[in-house]
Each structure stands twice: as structure tokens, then as C-alpha cells.
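Q: Okay, here's what each chain looks like letter by letter:
Protein chains: 2
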Amino acid sequence: MDIKTLTLAIPVIGVLGLLFTVWKTSWVNKQEEGTGKMVRIGEAIREGAMAFLKAEYKVLAIFVLVVAGLLAWSGSTSEDSSILIVLSFVLGAFSSGLAGYIGMKAATKANTRTTHAARTSLGRALEVAFAGGAVMGLGVVGLGVLGLGILFLLYTNMGWEINKVLTVITGFSFGASSIALFARVAGGIYTKAADVGADLVGKVEAGIPEDHPLNPATIADNVGDNVGDVAGMGADLFESFVGSIVGTMVIGAAFATVGEFSGDARFGGLNAVVLPLLLAAVGIITSIIGTFFVKVKDGGDPQKALNMGEMLSGVLMLIATYLIVTAMLPERWSLNGVDYTAMGVFYAVIIGLIAGFGIGFITEYYTGTGTKPVKEIVDNSVTGSATNIIAGLSVGMKSTVVPIVILAIAIIGAHYVAGLYGIAIAAVGMLSNTGIQLAVDAYGPISDNAGGIAEMANLPKEVRGRTDKLDAVGNTTAAIGKGFAIGSAALTALALFSAFMMTAHIDAINIANPVVMAGLFLGGMLPFLFSALAMSAVGRAAMDMIKEVRRQFNSIPELKAALGVMKRNEGVDEEKWSEADKKIFDAADGKAEHAKCIEISTKASIREMIVPGLVAILSPVIIGFAGGPEMLGGLLAGVTVTGVLMAIFQSNAGGAWDNAKKMFEDGVDVNGTMYYKGSETHKAAVVGDTVGDPFKDTSGPSLNILLKLMSVVALVIAPFI
Amino acid sequence: MDIKTLTLAIPVIGVLGLLFTVWKTSWVNKQEEGTGKMVRIGEAIREGAMAFLKAEYKVLAIFVLVVAGLLAWSGSTSEDSSILIVLSFVLGAFSSGLAGYIGMKAATKANTRTTHAARTSLGRALEVAFAGGAVMGLGVVGLGVLGLGILFLLYTNMGWEINKVLTVITGFSFGASSIALFARVAGGIYTKAADVGADLVGKVEAGIPEDHPLNPATIADNVGDNVGDVAGMGADLFESFVGSIVGTMVIGAAFATVGEFSGDARFGGLNAVVLPLLLAAVGIITSIIGTFFVKVKDGGDPQKALNMGEMLSGVLMLIATYLIVTAMLPERWSLNGVDYTAMGVFYAVIIGLIAGFGIGFITEYYTGTGTKPVKEIVDNSVTGSATNIIAGLSVGMKSTVVPIVILAIAIIGAHYVAGLYGIAIAAVGMLSNTGIQLAVDAYGPISDNAGGIAEMANLPKEVRGRTDKLDAVGNTTAAIGKGFAIGSAALTALALFSAFMMTAHIDAINIANPVVMAGLFLGGMLPFLFSALAMSAVGRAAMDMIKEVRRQFNSIPELKAALGVMKRNEGVDEEKWSEADKKIFDAADGKAEHAKCIEISTKASIREMIVPGLVAILSPVIIGFAGGPEMLGGLLAGVTVTGVLMAIFQSNAGGAWDNAKKMFEDGVDVNGTMYYKGSETHKAAVVGDTVGDPFKDTSGPSLNILLKLMSVVALVIAPFI
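If you read the sequences in order, they're chains A and B. Heads up: the first sequence begins at 1 in the numbering used here, then just goes up one per residue. Heads up: the second sequence begins at 1 in the numbering used here, then just goes up one per residue.
Because the hints were derived from the structure by calculation, they are not lab data. Just so it is clear, the structure is predicted and the values come from calculations on it, not from any experiment. Mixed in with the good hints there might be a few duds.
Stated by the list, open to error - Calculated pairs, PhoX-like style, for lysine-lysine (alpha carbon to alpha carbon, straight line, at most 25 angstroms): (1) B:LYS203 - B:LYS37; (2) B:LYS677 - A:LYS683; (3) B:LYS37 - B:LYS582; (4) B:LYS461 - B:LYS37; (5) B:LYS547 - A:LYS683; (6) A:LYS297 - A:LYS461; (7) B:LYS547 - A:LYS547; (8) B:LYS683 - A:LYS547; (9) A:LYS203 - B:LYS683; (10) B:LYS37 - A:LYS372.
Claimed, not checked - Across the chosen pairs, the derived CB separations fall in these ranges: (11) B:PRO209 - A:LYS372: 54 to 62 angstroms; (12) A:LEU19 - B:VAL615: 51 to 59 angstroms; (13) A:ASN554 - B:ALA587: 33 to 41 angstroms; (14) A:LYS372 - B:VAL59: 26 to 34 angstroms; (15) B:ALA472 - A:LEU70: 37 to 45 angstroms; (16) B:ILE409 - A:LEU70: 53 to 61 angstroms; (17) A:ASP339 - B:LEU618: 51 to 59 angstroms.
Cβ atoms here follow ideal geometry from the backbone N, Cα and C, with glycine treated the same way.
In isolation and in its complexed conformation, chain A is listed as follows:
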């Protein structure tokens, strides 16, 4: 194939991915939705989720316009290409938003349909939930490959030199990253505010069970799962995917001048630039193939089905990578005295994969139910919530050790076999199967939602049982997904960092230079500031929610009366209540103003996402222009190191607390005594879980984006400083 055909093929494969999502979406839509109550609940969740996206996108549109204006203004005096940076930026932002929209739309359709399917069969339910997840997964990679592919095609036809092309394409990554950060932060705040609000006032103060329709925050809680775990995660992975590809392309451009490359007619010396794009495109195909193998017969094991799909596409991708790498790169070449080989690049991909799996397994070890560290937290809950918290913090901090060692080895190893390009391509290798990986990830919250709907719609217990079974199996996969997310974030940040240095024309950033050291300190501090902002934002948003729920309980007479009835009949089966009580209780049905709670959560989360987002975007700009490129380099290194550490610490501490709490729900043995749900010890574990919530769902995952976003911002402004 010659260059034209291949670079044309890339966006076509992107379109193929999108067509797959259209097909899957229509398949999901064709499934039955179940009872009228289920339909109503499903609609309420969908409307809430969409209302959030609408409100969020309104604010983000303003942000995009302002930044686009600034980019156009700052570039107007320098380069003719600046307007195209703006175009790339807008397109990146738009694609990121669209990926979130497509994914959430599918997820909020799949949830009720999964519940309905679970009424008859586990296999059916898996199919529906996974189809919903697959829309998200393939939507993300399809849009990424399509967007980057088209821009590359467009700009290479402008007759520019490759570095200029890539500078402009960087705008796409900037757009994707900035939207991702806002989406992650806002989604994280939304879901935790609703969660805490529903729990603290509904469950604790008013004493009504979880997911009870009388609790005005219930629907908001379920909406939160969608905006946080689906839309937020989708935007997150979109930016990881795009960032790793762009970082590798920029580094690969250095090879354009090498004889062995220019002697190869196919890409006019750009093979190393096109390689990551091509791998990503092929990953779409292997992911689609994989989805067809996720099937389970009744009585079968859903875990095996998911593993089957992922393993198969993983193996296919590995074979394809070998073939593509050896076909596209010269067997051996050298640049600036460093020797490279095609096999070295392939080994770098393998190193990335092993590192990703390694970090994933460690994540599972530190956070999984019944593992030694989680059991340690359980044991420490016996002496109260303080010791539970100390144990969780300690486990979270300890859990950084092995992943960091793995990362350090991977960085040195990938660099050893293929230089900086090796570090970058290792991240691409980790993410090339994002399509199916994300499908599995997104299937989790869909099953979770399906369970909530089963509860709210009063479906028989076995339905909830099936959705719970679905929900439980995704854990290991999710842990490995997290490992890939963290590993690729670190490697991508390093790739972007090197790309920044190339673009800013600096050869070395010397730590012993005090300006660099000052940058390192400031950068290291940002993840602390960012986490603190995210955590206090969750606190404030939850307070708003608590006040609203209290207001409704006090001012809506029917609700107040129904709560009184519930209190009066505490511990009495609903059927044994007096007729008068039943009447009062039924009268409250539908009186809770769910929409108000949704509005509160929406407003609060969007209000609170602004400051952390601006901190992330403005700090590299300020340091870059005030302190120069070397100080900015120090800032990036600092934010990368502590960002990765704080992300691992917070995510794993949160995950471990969560599962420690869950272990009490099934009953757990500590030194010969059994402890169950409702015991004082369980309550101590609930405190840990609540502390862990903003850790693992708000600040932790946002940090991965933070460090890449800052690197991308640096890369974008590099030509101007």
C-alpha cells in the first residue's frame, strides 16, 4: 500500500468504529425496556444525565470559545498555521464531548434494558450491558482515530514540514485533554455529592433504605453513576488515547531526517509518525472482533466471557503490532549516535503491556476483596474508625511502591530498546485495545445502574442477584484497566514532556538549576492543591444536596407524613401497616422532587469544576511565560511524579476502603469473632469508605488527566515562549 492509501485508510477505519457504535446503539434500542415503572425510572435517569451534559457543555462551549480566541490572538502575529491550531483544538474538544455524549446516551438506554433482560437470563443481561459498554468503547476510539486521521491527512497536504503539522495536531490533544479534565472533575463531584446527600440525609437521618423512591436524591445518585463513571471515564480515556498517539507522533518526527526512513518511499520518511495512528486504527478492528466473543450461556461464567473477548483481541493486536512494526520500520537505523531497531520498538510495546498488566495486578492485590492489605483494613476496623482510616491511608501509600518500581523499570527498559520513541510507543501499545477495554469498563456502571433500577422498580430479588453477579465480575478487568490508565498516563506524560523539549528547543533540563528546582517544587505541589480543591468541592456540593433533601422532607407535607409513617412502623413489614398508614404512604408516591436534586447536583458540580480546571490550564502558561521553558520543564516533571503517586495512593486507598466495607456486608472473621453488616465495626468501615469516595472517584482519577493536560498545554505554548 502506498502512503495515500494508508493515510486514507486510517480515518476510514475510524468511521468503521463509529458505524459499529451506530449498529450496537440501534440493537440496544430495540431491546425491551420492561414495566412502566422501569420505563419511568429509566427516563428520569436519562433526562437527568442529559440535563447535566447540556449544562456542562454550555459552560465548556464558552471555555472552548475563549481559549480558541486566545489561541487565535496569540498566534495571529506569528504563524499562518495558528488558525488551524484553533481548528484542531475545537475539533478535539468537540470529539471529546461527543464521545461522552454517545457513550452516556447508550449507557442510559442500556441500563433499564439490562434490568429487563436480567428478569429472564444472565446471558441476555450480559449481552445488553456489554453492548451498551461497547458503544462507549468503540465510540471513543472511533472518534479519536477519525479526528487525528483526518487532521493528519489534511495538514500533510498543506505542504508543511512535519514538525509544523504535528504542532498543529497537538491542538486536538489539548482540546481533548481540557474537556476530559472538566468532565472528570464535574462528573466526580456530581456523583459523590449525590451519593453523600442521598446517604446522609436519606439513609442516616430519615432512616429510609438505599435507592428508595421517597428519597429525593435517589435519581440524582443514579444519574451520578452515569455522568461520573460513564461520561467522565469516556472523556478520560479519549484523552489518554489521543495523548499517547500525539506524543509518539511528535517524537517519531525526529526520524523523518534519517536516511533509512526517507529511502522508504511509502511515507516519505514519516513511517514512525504514522505508526502509532495505524496501530490505534488496527486496534479498532481487533476490538470489534473481540466483542463478538463476549457471550455467555445461562449458568455460564460472565467473567470468562469478558476475558475471552479481551484476550482474543489482545492476542490479535499483538500479532498485528509485530507485523506492522516490522513492515513499517527499517530493520535498523540510527540518529544522533543512537541505534534503533524495528524489533526494539516491538519490544517497547511488549514492555508497556507487561508494565500495564503488572500495575493492574498490584492494584487488584491492594484493593481486591479478601486480599491481605484489605483484610488488614478490616482487622483495624475492630478498634474503630480512626484505626480503619490509618490502615487505609497506610495501604494506599504502600501501594505506590511496586507500581512505581515497575514504571521506573519500564521507562529505563523501553528507552533502552528504542529510545524516547520506545517510551512513547509503550503507552500506545497499552492503549491500542482501548475499544474493548473501555467496553468492559463501561459495562460496570451499566450493570450497577441496572441493579438500582431493579430495586426502585420493586422487581423480584433474583433480578438484583443477576445484576449483582454481572457487576461483580468486572472488578479484575477494571483493576487492570486502572493499571493501564496509570501506566499509560505516566509514559504519555513523559512522551509529551520530551515532545515539549523538542518543540521548545531545549536539550537538557538540569535539576541543579534553581529555577528548575523551584519549578519541580511548584509542580509537585499542584496535585496536592488539585486534590484538596476536588475534595472540598465534593464537600460543598454534598452540603447543598443535604440542605435540599432536608428542605423537601420538611416542606412537602406528603413526604413528611410518609416519613412519619415509616418511623411509626419501623421494623414492621409494610403489609402489616394500618390501612390509614398505607394510604398516607401511597399518597407520597411521586411527590419527592427528584428534578430539584438533579438540578442542585448539576449546578454544584459545574460551579466547582471551574477552579481546578483553570489551575491546571493556567499554571503551565504562567510558569512558562514568567519563568521560561526550563522552569516549565521542572513544573511538568514535578506534576508528573507527584501526580502519578497521588493518583495511585488515592485510587487504591479508596478502593481498599470500599472493599473492606463490602467484606463486612458478607460477614468477616477477625481473630475468631465474626462481624456483620450493621455492627459497630462495620460502621467504622463505612467511615473509611466515605473518606475513600472522593479519593477514588473524584481527585484520584482526575490527576491522571491533570498531568497530561499540563504537558499538552506546555507543548502548545512551547513555540511562543
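Given chain A, put chain B in place with the hints provided.
A: Relative to chain A, chain B alone:
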């Protein structure tokens, strides 16, 4: 004065400091000790503290011997000076241990005497407590100046070139730092294990009040205050003091070849090397002068007395610094194209002082009673312990921002006015008044102990009132002390870092080098690992203590009976108990086996200090030899940045939780409702305080030492890698 006289004068001033401590010690010893019960309690505390030191020093002696052997062995093939490195190391370790011993001996004599003095007058009590603290303060600086001064005198007479002299002197700093780390960690574990053990079983399970003699862990708890806050802190500041001086000396050696210096006959070109030593020596004199102004008449304000002493010696020191710097340094000189001025060096000292005060005031803002951040934690306690914890973590993380910005500005500023030497001398400036600063710091735990003794000895309430008043006033000073500790640790680490680079003959450590980046990640991870180890060590040691206290309550019949009596008469005034009950109760007096608890705490803390200590010492050795000097440089930079951040985060979160809890003890208004001690809200705040304990007293303060120790180890091994 010519060189001989001046370098002779330095150790003489060190001796002067030590003579002052001898004089103060004998003065303290001459004070009355009070009632027989007070004497007995005081003796028990003193014996426990000394038993701990003895056990600790036994282990540390082995450590010192092993390291000395390794140093001698590794050096035997290379340099004739290696045996003198060993000598320096052993002397540093010994001096550090001696400083802790002198300080603790004085503190454990001063505590009962302070209690006794407080029976009659506040002014008297202040005088005794401060005298005890002054022994510690002047002991530390006296030993530091004496040790360094003698070694410098000795080695410069060997006819070596200055770099060799300084390499050998570095061993002193290494000895001081390693002992300091072990002492801080062991002391921190001891005090928290005893504290938690006494609280959880004694107060919560058995329901007996704090500091009650029936609680077998009470004495251990009071011993803990001495081994943690006195001996631990003394070793800590000894190493800071020595580290900053040595770092500056090494950097100053670069000027020895500059014409303007060699033209100056006084120090044969070594003025910049001798300057930090001389400043430190003069600081002894100004500190001693300051102590004479710490006096308060009855009814006077002890805070003013302390401020008076510190301010006066601060102003004297500033004047002396100006005179010495301008006298010792040429007005203007240049090296490698960089211009330096004597005034620039003086400005660097001022920058250091401003930075230290700035960080101190911020520390006070984030942790002081009634400040906005602490009130935020109080407000968040209303919704339970989980929100209290989240708020505390958030405050701790947020509190890193301003100190880091100050540090970054100070680094750039000090470097701007006086290069790397400016950064180093800024740290010396911060610490030159350590003598009186530490006297004020150590006076805190002495007053605290005095209060405990008043309680245990059943003294009238006004005695406790006076000691509480003494205890309360040290807070702002202590916060500023913390600011100086953190600021100087960061600057000293940077100075040692530069010294390491000079010794290892590397000009630049390029972050873009993957090996450096890997080192940066690994170094950044170490403070997380170290904190996790410290926290789980506290957990395990506390468990040992809990088991021992439970065992005594169950197996000592008199104790068991007395506890039964207390439970039976709960809420009844002791005088109204039946005669039989009184008899049973009295029979239990002295039956609690305090010594066993002391032994448990001692054993556990010494067992648990080993691993964190070895991690700190071995990691630079392993990385240095396996990864080379550049990777080691990355490691040091990483550990410095996250070490400082985690130290600020943990210390401030812990301090803020502590004071939030204290605010409930006086009663606090949240949104119009008053909350008091014993309320559910107060209990939520107690959880935060317990979590904060190992943060602020074990892992947080140890990190300051960790980062310097690792730099010193790197500096010591630099010639070999």
C-alpha cells in the same frame, strides 16, 4: 584575628555552650521536687525514658559499628583518609546521641520541678521549664559547633586540600543524620503507641480518666512525650544544624580558588568555608544572651517573655551576621562567570529568615485554634467523622501551597543574590539561632509533662491551670519553629544535593534522561513508603500495648477489683464511696505494672524503627551503585520534593485535627448550635485527632530528616560511584 585564633575560637565557643548547659543543669537539679508522690512519679518517668534511651542506643551502637566497618572496608582500597571518615561518622553519631541524652536528662528533671514551682508561681514555673529547655537547646548547638570545629581544626592541619577535608567532615553529618532518623522514628512510634494504648483501653474500654495512676500505660505515655518530643526533636535539630553547616562548607569550598579569597590572608582562601561555622558559633552566644531575658513576673505574660528572649537574640544575630559576612567575604568576586558580593550573601540570609517566618505563619494559620481552616474541620465534624477526615486531609493538602510558593521564591531569590552558596547560607541563617529556638520548643513538652504530674499527684487545680498556661503559649513559637525546620530542611537538602553533584563531578542532571526520570519517580515514592511504614509501625506497637493493658486489667486481681469499684460508683464522687469500696480501691494503688508497659513500648518502637531507617540509608546506596550518579541525583530530587510536600501535608493535617478537637473541649458554635466535649460531634473530631497523631508526631517530622539523610548518604558515597 588570624586564622589559627579564629578556627580555635570556634570549638571554644562550642565548649562555652556546653558549660552553659552544665550550669543550667545544676541549677535545675537544685530546685525542689515537691511531694513524695511527685518524686516517685518523676522517677518512674525518668527511669522509663532512660531505659528507652539505653535500649535504643544499644541497637544504634551496633548500627554505628556495622556502618563504620563498611565505611572503613569500602575506603581501605582507595583513600588514606577513609579511617577519618569513620572517625567523623562515629563522632557525629555519638554527639547526636549525647545531645538527646543531655536534653532528656534535663527535661525529665525539670518536669517535676516545674510542677512544684507551679504550686507557688507562674514565673517560677516558667523559669524552671525554660531552663530545662535551654539545656537541650544549648547542648545541641554546643555539641554541633564543638564537633565540627574540632574536626575542621584537626583535618585542616593534615595538609590536605580543602575538598578532601570536607568529604571527611561529611561523615559527621552522616552520623548525626542517621541517628536522628532512628531517634525520630523510634520516639514517634513510642509516644503514639503509649498514647493510643493508654487511651483506647484505659479511657475508652475501662472508663478511667486520663493520666489516672491505675492505668498501666500512663507512665509510658508521659515517657513518650520525653522520648518523642524532647530526645527525638533534639536529635532532629542537631542533624538540621550540622547538615546546613556542612552543606554550606562544601559549596563554599569552590571559592577557595578565587583570587579575592586567596589574597585574603586570614583563612588561606577558606573564608566562605569557615563562615557558616562562625555564624553558628556566634549563634550560641546570642542564644545564651537571649535566655537571660526570658523572665516573667507573676501576673505577667509568659508569651511575651519567650518572645522577648527570641527577638533579642534574633536581632543580635542579624547584626552579628552583617558584621561577620562583610568582614569575612570580599566585597565582590566572581567564579565561572558568576558575580558574587558580600552583601548578596547577607541578603540570602535575610531571604532565608523571611521564608522561615513566612512558612511558620502559614503553618500557624492552617493549624491554629480558631483559624478559618481549623474552623472548617470543626464545621465538617457535625456530619460525622468521615467529613471531619475529608476536611482535615483537604486542609493538610491545601496547606502545602503557600509554603511551596515561598520556598520556590526563596530558592530563586537566594540563588539570584548569591548563587548556590546563597541557598545554603539561607538555611544556616534560619538555624543560627537554634539554641534559643530549641529551648522554647523543648520547654513545651516539659510543661506538658509537668501538667501530667500535677494530675497524677492529685495537686490542686490551680497548679494544672498554671502548667496549662505555660503549655499553651509555646504554640506560635512552635509553629514558627516548624516553619524553620521545613524551610531549612528543603534548603539544606538542596545544598547537599549541589555538594553531591560537585563531589561526584557531574555538571548537570537532565530530567529528560530516562534514568534520571526513573530515579525521580523512585525518590518521589520513598516518602510514601516511609510514611506507610511509620504508620503501620505505630498501629502494631499500639496493638502490643493494648494487649498488655488488657492483660493487666484481667490478671491482676487488685486492679480488676478496683476497676469494678470504679464502674459501680460511676458518676459518684470518690468521697461518697462506701468504706469497703474505698479500701478495695486503695489496695490497687501501685499494683499497675507500669514498667511492663514501658518495656513493651520500648521494645516495639526499637523493633519498628529498623526497617524505615534501613530503607532511608540503603536506597541511595543501591541506586547510586546500580544506577549511577545521575539516577541517584534524580532519586534525591524526587525524595526532596515529595518529602517536603508530604511533611507539610501530614504535619499540618495532624495539627489542624488536633486543634479542631481542642476547640470542642472549650465549646464551639457551628451554625448557631453550641457543641461541647463529649458530644457526638466532639467524638467525630477525636477520630480526626487520632488519625492525625501518627501524621504529625511520627511520619511527618521524620520526613524532614529522611530527605537530608539520603542526601548526606549520597554525598558520602559520591567519591566511590
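Q: All the hints need checking, so say for each whether the structure fits it.
A: Evaluated hints:
As the CA atoms of B:LYS203 and B:LYS37 are separated by approximately 23 angstroms, the hinted pair is consistent with the 25 angstroms bound. Using a Cα cut-off of 25 angstroms, the hinted pair B:LYS677 and A:LYS683 holds, with the two alpha carbons roughly 22 angstroms apart. Between the alpha carbons of B:LYS37 and B:LYS582 the distance comes to roughly 19 angstroms, so the proposed pair stays at or under 25 angstroms and holds. Annotation: proposed proximity of B:LYS461 to B:LYS37 holds, straight-line Cα distance about 16 angstroms (limit 25 angstroms).
Taking the CA atoms of B:LYS547 and A:LYS683, the gap is near 23 angstroms; set against the 25 angstroms cutoff, the hint holds. Note on A:LYS297 and A:LYS461: the hinted pairing holds, with a Cα-Cα distance of about 21 angstroms set against a maximum of 25 angstroms. Restraint check for B:LYS547 and A:LYS547: not satisfied, since their Cα atoms lie roughly 44 angstroms apart, outside the 25 angstroms limit. With a CA separation close to 23 angstroms, the supplied pair B:LYS683 and A:LYS547 stays within the 25 angstroms bound.
The straight-line distance between the Cα atoms of A:LYS203 and B:LYS683 is roughly 21 angstroms, inside the 25 angstroms bound, and the hint therefore holds. Pair hint B:LYS37 plus A:LYS372 does not hold up; C-alpha atoms about 48 angstroms apart against a cutoff of 25 angstroms. Checked against the hint of 54 to 62 angstroms, the C-beta distance between B:PRO209 and A:LYS372 comes to roughly 38 angstroms, which is inconsistent with it. Taking the beta carbon of each, A:LEU19 and B:VAL615 are about 55 angstroms apart, inside 51 to 59 angstroms as hinted.
Against the hinted window of 33 to 41 angstroms, the Cβ-Cβ separation of A:ASN554 and B:ALA587 comes to about 58 angstroms, which falls outside the hint. A C-beta distance of roughly 28 angstroms is found between A:LYS372 and B:VAL59, which places it inside the suggested range of 26 to 34 angstroms. Our hint of 37 to 45 angstroms for B:ALA472 and A:LEU70 is violated, since their Cβ atoms are close to 52 angstroms apart. A beta carbon spacing of about 27 angstroms between B:ILE409 and A:LEU70 contradicts the range 53 to 61 angstroms that was offered as a hint.
Between A:ASP339 and B:LEU618 the Cβ separation comes to about 35 angstroms, which falls outside the hinted range of 51 to 59 angstroms.
Of the numbered hints given earlier, the model fails hints 7, 10, 11, 13, 15, 16 and 17; all others are met.
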